[in-house]
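Chemist: One-letter residues, chain by chain:
There are 2 protein chains.
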Amino acid sequence: MKIIIDAMGGDNAPQAPVMGGIQANREYGTSVILVGRGEEILKVLQDNGIQQLPAGVEIAHASEVVEVCDNPSTAFREKKDSSLTVGLNLLKSGQGDAFVSAGSTGALLAAATLLVKRIKGVRRAALAPVVPTGGGGAVLIDCGANVKCPPEYLLQFAFLGSYYAEHVLGRPEPRVGLLNNGAEPSKGTDLQVEVYPLLKKAGDEGRIHFTGNVEAREAVEGAVDVIVADGYSGNIFLKTMEGTALFLARELKKMFKKNLLTKLAALMVSGGLKNFKKLMDSGEVGGTALLGISRPVIKAHGSSDAYAIKNAVRQASDFARSGMIESITENIGQMRLPASAGGKEEF
Amino acid sequence: MKIIIDAMGGDNAPQAPVMGGIQANREYGTSVILVGRGEEILKVLQDNGIQQLPAGVEIAHASEVVEVCDNPSTAFREKKDSSLTVGLNLLKSGQGDAFVSAGSTGALLAAATLLVKRIKGVRRAALAPVVPTGGGGAVLIDCGANVKCPPEYLLQFAFLGSYYAEHVLGRPEPRVGLLNNGAEPSKGTDLQVEVYPLLKKAGDEGRIHFTGNVEAREAVEGAVDVIVADGYSGNIFLKTMEGTALFLARELKKMFKKNLLTKLAALMVSGGLKNFKKLMDSGEVGGTALLGISRPVIKAHGSSDAYAIKNAVRQASDFARSGMIESITENIGQMRLPASAGGKEEF
Chain A
642 MKIIIDAMGG DNAPQAPVMG GIQANREYGT SVILVGRGEE ILKVLQDNGI
692 QQLPAGVEIA HASEVVEVCD NPSTAFREKK DSSLTVGLNL LKSGQGDAFV
742 SAGSTGALLA AATLLVKRIK GVRRAALAPV VPTGGGGAVL IDCGANVKCP
792 PEYLLQFAFL GSYYAEHVLG RPEPRVGLLN NGAEPSKGTD LQVEVYPLLK
842 KAGDEGRIHF TGNVEAREAV EGAVDVIVAD GYSGNIFLKT MEGTALFLAR
892 ELKKMFKKNL LTKLAALMVS GGLKNFKKLM DSGEVGGTAL LGISRPVIKA
942 HGSSDAYAIK NAVRQASDFA RSGMIESITE NIGQMRLPAS AGGKEEF
Chain B
642 MKIIIDAMGG DNAPQAPVMG GIQANREYGT SVILVGRGEE ILKVLQDNGI
692 QQLPAGVEIA HASEVVEVCD NPSTAFREKK DSSLTVGLNL LKSGQGDAFV
742 SAGSTGALLA AATLLVKRIK GVRRAALAPV VPTGGGGAVL IDCGANVKCP
792 PEYLLQFAFL GSYYAEHVLG RPEPRVGLLN NGAEPSKGTD LQVEVYPLLK
842 KAGDEGRIHF TGNVEAREAV EGAVDVIVAD GYSGNIFLKT MEGTALFLAR
892 ELKKMFKKNL LTKLAALMVS GGLKNFKKLM DSGEVGGTAL LGISRPVIKA
942 HGSSDAYAIK NAVRQASDFA RSGMIESITE NIGQMRLPAS AGGKEEF
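Residue numbers (the working numbering), protein chains in the order written: chain A, 642 to 988; chain B, 642 to 988.
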C-alpha cells in the first residue's frame with residue numbers, strides 16, 4: 642500500500658502532512674510519497690531529527706502550491722506543478738494507491754473530478770465524512786460538494802455511502818436513511834419527496850438497505866449507517882453537530898475550571914474526558930472520503946495536525962484495500978436511473 | 642396578564658398543564674384559564690391537594706380532546722368543543738392575552754392560523770424556538786411549519802424573528818443571519834441565493850440588522866440573534882442540535898458512571914452538571930413561539946412537565962407584554978415585498 646500525501650495542503654503544511662506521513666510509515670508500515678517542494682519537505686524532516694529518508698518514504702517534487710486565493714475550479718490547471726496536480730497525476734497513473742490532502746476542498750474536488758475522473762456511471766462525486774453517532778458513526782453523504790442536486794444524485798449517494806459503510810467500515814447490510822424533517826414519505830422539500838420512491842424501489846429490490854426517512858435527531862442517535870442528503874442539508878447537519886459539540890465542550894470546560902474542587906473532579910475523570918473529546922474530534926477519523934472518484938481520495942481537515950494526517954493515511958489505506966471502487970464499477974448498473982425517470986441513460 | 646392553557650394537550654396532560662398553570666399562578670401571579678374537561682382538571686387539582694380554585698385560576702370547560710390520530714389541518718373544526726378550539730376562541734375574543742399548548746404542533750398551527758388568523762400582511766406563521774447558543778440563545782425561524790418557502794416567506798421570517806429577539810428577548814438591534822453552507826452571497830440552494838439580496842436590501846435600508854449568511858457552526862457558537870431558515874433546513878438544524886446534545890449527555894453519563902472515583906467526581910461537579918443539563922433543556926425556555934399569528938401563541942414541547950409548562954406560561958406573558966404584535970402591525974409595510982419582486986401585493 643502506497644499513499645500519496647499532499648505535503649503542501651492545509652493550515653499546518655508542510656509540517657503536519659510530512660510528519661503525519663512519517664508517523665503512518667513508522668506505525669503502520671505504509672509507504673508514502675510526500676508531494677511538494679523538496680527543500681521544504683527535507684527541512685521539516687531535518688527539523689524533526691530525520692537525516693535520511695526512511696525506507697518506504699519518497700519525495701515527489703512539485704514547485705507550486707495551491708493557495709486559498711486561487712480559483713478552486715481551475716487551480717489544478719493553472720498550477721500544473723502544484724502538489725495537488727502532481728499528486729493526483731501520480732494517483733491517476735497508478736504510482737500510488739490513494740491520495741490524501743488537507744488543502745482546499747473545492748480545489749481537490751475539482752481536480753480529482755477532472756484529472757482522476759469519476760467512476761464511469763457516477764454522476765457526481767460527493768464528500769462523505771464518517772460522523773460520530775450513538776451507533777458508532779455513520780457515513781454522511783453529501784455534505785457540501787453538491788448543493789443543487791437532482792434526485793438521481795441522491796440515489797447514487799445512497800449507493801456510494803452503502804459501499805463505503807460496508808467495505809471500509811465493515812458494516813454488513815448498512816442501513817440507509819434519507820435525511821428529512823419527518824418519517825412519512827411525504828415529508829421534506831420537493832427533492833426529498835422525489836428521492837424517497839427511488840430509494841424505496843432500490844430497497845425493495847434489495848439493491849440497498851433503505852430504512853426510510855431519518856430525522857436529524859435519530860440520525861445522530863445512530864438509527865442508520867448511511868445518511869443521504871443534498872450538499873446543503875448535509876452541510877447544515879455536519880456543521881450543527883460540530884458547533885454543538887464545540888459549544889458543549891466549552892461549557893464543560895467552564896464547569897470543570899470553576900474552582901479547586903471541580904478541577905480535582907476533572908483530574909478524576911481525565912481518562913474519560915480524553916475519550917469524550919476524541920468522540921467529536923474529526924482528527925480521529927482522519928478525513929472525509931471523496932466518493933465517486935475512480936481512485937481513493939481523502940480530504941483531511943484543513944486544521945489537521947500530524948496525528949490527524951496519520952489517521953487520514955490509515956483511512957486512505959483502508960479505502961484502497963477495501964476494493965470498494967472495483968465493486969462499484971462492477972455493479973454500476975444498480976445505481977443507474979432510467980432516462981424515463983429523469984436519469985441520464987448515457988454515462 | 643391572563644394566559645389561556647390547553648389543559649388537555651401534551652404527553653403529560655392534564656397533570657402537567659394544570660399544575661404548570663397553578664405554579665405560574667403561584668410564582669408569577671399570572672392569571673390562567675385552564676381549558677379542558679372540567680372534571681379531569683378538578684381531579685388533578687384534588688390529587689395535588691388543591692380543594693378550592695386559587696384566585697386568578699379559572700376553568701373553561703371543553704368536552705373534546707384533539708388526539709394524535711386526528712387530522713391536524715381539520716381537527717379544530719371537527720372537534721369544535723376541543724380544548725384547542727375553545728382555548729383559541731377565548732384568545733381570539735380577547736378573554737386571555739396568550740395561549741399555551743403542548744398538544745399537536747400541526748393542529749395548533751392550523752387552528753391558530755384559521756381561527757385567530759395571521760397578522761394582516763404576514764404570509765405565513767412560523768415556529769420560532771429560542772435555541773441555546775454560545776451567545777445566550779438565538780431565535781430560529783422557521784423550524785418546520787413551512788417546508789416549501791418562496792423567498793418572501795424568509796424575508797418575513799427575518800422581520801418576525803427580529804421583532805421577537807428585540808421585544809421579547811430584549812436584544813437591541815438583533816443580528817440576523819441566513820442559515821447557509823458558506824458565507825458568500827452565492828452560497829446555498831436557489832432559495833438562499835434568492836433570499837440573500839432581499840435581506841441585504843432590508844439590511845442596507847436599516848429595516849433589519851442583516852449580518853449575511855451564517856454557517857450552522859457559527860450560528861451555534863452565537864454569531865447571530867436570529868437564524869433565518871426554511872422549515873426543512875431549520876428542522877435539520879434544530880434536531881441535529883438536540884440529537885448531538887442528547888448523544889453527548891449520554892456519553893458524559895457513561896463517563897461519570899464508570900467507577901467509584903468517577904461517581905465521586907460527578908458529585909463534586911453536581912451543581913455545574915445541573916446547569917450544563919439546563920443549557921440544552923427545551924423545558925427551560927418553555928416553548929416555541931408561533932410568530933405571525935395576530936395574538937401570542939406558544940407551543941410547549943409535547944413531553945413538557947409542569948415545570949416546562951410554567952416556563953411556557955412565563956414566556957407567553959413576556960410575549961403578550963412585549964407589544965411586539967402591535968409593533969409588527971404598525972410596521973407591516975417594512976416587510977412587504979413588491980409584486981414586481983415576487984411579493985403578493987394584496988394581503
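Please keep in mind that the hints were generated in silico from the structure rather than gathered at the bench.
By construction, the Cβ of each residue, glycine as well, lies at the ideal position given by its N, Cα and C atoms.
Hints should not be assumed to be uniformly reliable.
[Claimed, not checked] Derived pair list, reagent style PhoX-like, types lysine-lysine, alpha-carbon separation capped at 20 angstroms:
hint: 1; chain 1: B; residue 1: Lys841; chain 2: A; residue 2: Lys918
hint: 2; chain 1: B; residue 1: Lys841; chain 2: A; residue 2: Lys898
hint: 3; chain 1: A; residue 1: Lys789; chain 2: B; residue 2: Lys842
hint: 4; chain 1: B; residue 1: Lys828; chain 2: B; residue 2: Lys841
[Unchecked claim] Pair ranges (Cβ atoms, derived):
hint: 5; chain 1: B; residue 1: Glu846; chain 2: A; residue 2: Gly964; range: 41 to 49 angstroms
hint: 6; chain 1: B; residue 1: Lys721; chain 2: A; residue 2: Glu825; range: 23 to 31 angstroms
hint: 7; chain 1: A; residue 1: Lys758; chain 2: B; residue 2: Ala824; range: 24 to 32 angstroms
hint: 8; chain 1: B; residue 1: Gly847; chain 2: A; residue 2: Gly823; range: 32 to 40 angstroms
hint: 9; chain 1: A; residue 1: Gln692; chain 2: B; residue 2: Asp831; range: 53 to 61 angstroms
hint: 10; chain 1: B; residue 1: Asp831; chain 2: A; residue 2: Glu814; range: 33 to 41 angstroms
hint: 11; chain 1: B; residue 1: Asp831; chain 2: A; residue 2: Lys841; range: 42 to 50 angstroms
hint: 12; chain 1: A; residue 1: Pro826; chain 2: B; residue 2: Thr970; range: 35 to 43 angstroms
hint: 13; chain 1: A; residue 1: Gly964; chain 2: B; residue 2: Asn900; range: 51 to 59 angstroms
hint: 14; chain 1: A; residue 1: His702; chain 2: B; residue 2: Pro813; range: 37 to 45 angstroms
hint: 15; chain 1: B; residue 1: Asp922; chain 2: A; residue 2: Ser911; range: 48 to 56 angstroms
hint: 16; chain 1: A; residue 1: Ile973; chain 2: B; residue 2: Lys721; range: 52 to 60 angstroms
hint: 17; chain 1: B; residue 1: Asp845; chain 2: A; residue 2: Gly670; range: 43 to 51 angstroms
hint: 18; chain 1: B; residue 1: Asp831; chain 2: A; residue 2: Ile973; range: 24 to 32 angstroms
[What the hints assert, rightly or not] Away from chain A, derived, C-beta distances all over 10 angstroms, residues of chain B:
hint: 19; residue: Gly679
hint: 20; residue: Glu708
hint: 21; residue: Ile877
hint: 22; residue: Gly884
hint: 23; residue: Phe888
hint: 24; residue: Asn916
Chemist: Each of the hints needs a verdict: does it hold here or not?
Modeler: Hint-by-hint comparison with the structure:
Simply put, B:Lys841 and A:Lys918 have alpha-carbon atoms about 39 angstroms apart, too far for the 20 angstroms limit, and the pair is violated. Pair hint B:Lys841 plus A:Lys898 does not hold up; C-alpha atoms about 41 angstroms apart against a cutoff of 20 angstroms. The hinted pair formed by A:Lys789 and B:Lys842 fails the criterion: a straight-line CA distance of about 25 angstroms is larger than 20 angstroms. Under the criterion of a C-alpha separation no larger than 20 angstroms, the hint pairing B:Lys828 with B:Lys841 is consistent with the structure, at around 14 angstroms.
For B:Glu846 and A:Gly964, the hinted distance range of 41 to 49 angstroms is not satisfied, since their beta carbons lie about 59 angstroms from each other. Judged by the Cβ atoms, the range 23 to 31 angstroms given for B:Lys721 and A:Glu825 holds: they are separated by roughly 27 angstroms. Between A:Lys758 and B:Ala824 the Cβ separation comes to about 31 angstroms, which falls inside the hinted range of 24 to 32 angstroms. Checked against the hint of 32 to 40 angstroms, the C-beta distance between B:Gly847 and A:Gly823 comes to roughly 38 angstroms, which is consistent with it.
The hint said 53 to 61 angstroms for the Cβ distance between A:Gln692 and B:Asp831, and at roughly 57 angstroms that hint holds. Hint check: B:Asp831 to A:Glu814, Cβ distance near 36 angstroms, so the stated range 33 to 41 angstroms holds. Between B:Asp831 and A:Lys841, the C-beta spacing of about 26 angstroms breaks the proposed range 42 to 50 angstroms. Checked against the given bound of 35 to 43 angstroms, the beta carbons of A:Pro826 and B:Thr970, roughly 39 angstroms apart, stay inside it.
In this structure the supplied range 51 to 59 angstroms is violated for A:Gly964 paired with B:Asn900, their Cβ-Cβ distance being about 43 angstroms. At roughly 58 angstroms, the beta carbons of A:His702 and B:Pro813 sit outside the given window of 37 to 45 angstroms. Evaluation of the 48 to 56 angstroms hint for B:Asp922 and A:Ser911 yields a failure: the beta carbon distance comes to about 27 angstroms. Range check, A:Ile973 to B:Lys721: Cβ separation about 58 angstroms, and the 52 to 60 angstroms hint holds.
Judged by the Cβ atoms, the range 43 to 51 angstroms given for B:Asp845 and A:Gly670 is violated: they are separated by roughly 60 angstroms. Evaluation of the 24 to 32 angstroms hint for B:Asp831 and A:Ile973 yields a pass: the beta carbon distance comes to about 30 angstroms. Consistency note on B:Gly679: stated as away from chain A, and its beta-carbon is indeed over 10 angstroms from all of that chain's, at 35 angstroms minimum. No beta-carbon of chain A comes within 10 angstroms of the beta-carbon of B:Glu708; the shortest separation is about 18 angstroms.
Distance check for B:Ile877 against chain A: the nearest CB is about 5 angstroms away, which does not clear 10 angstroms, and the non-interface claim fails. Look at B:Gly884: its CB is around 3 angstroms from the nearest CB on chain A, not clear of 10 angstroms, so calling it non-interface is violated. Not every Cβ of chain A is farther than 10 angstroms from the Cβ of B:Phe888; the closest lies at roughly 5 angstroms, contradicting the non-interface assignment. Not every CB of chain A lies more than 10 angstroms from the CB of B:Asn916, the least distance being 7 angstroms, so the non-interface label is violated.
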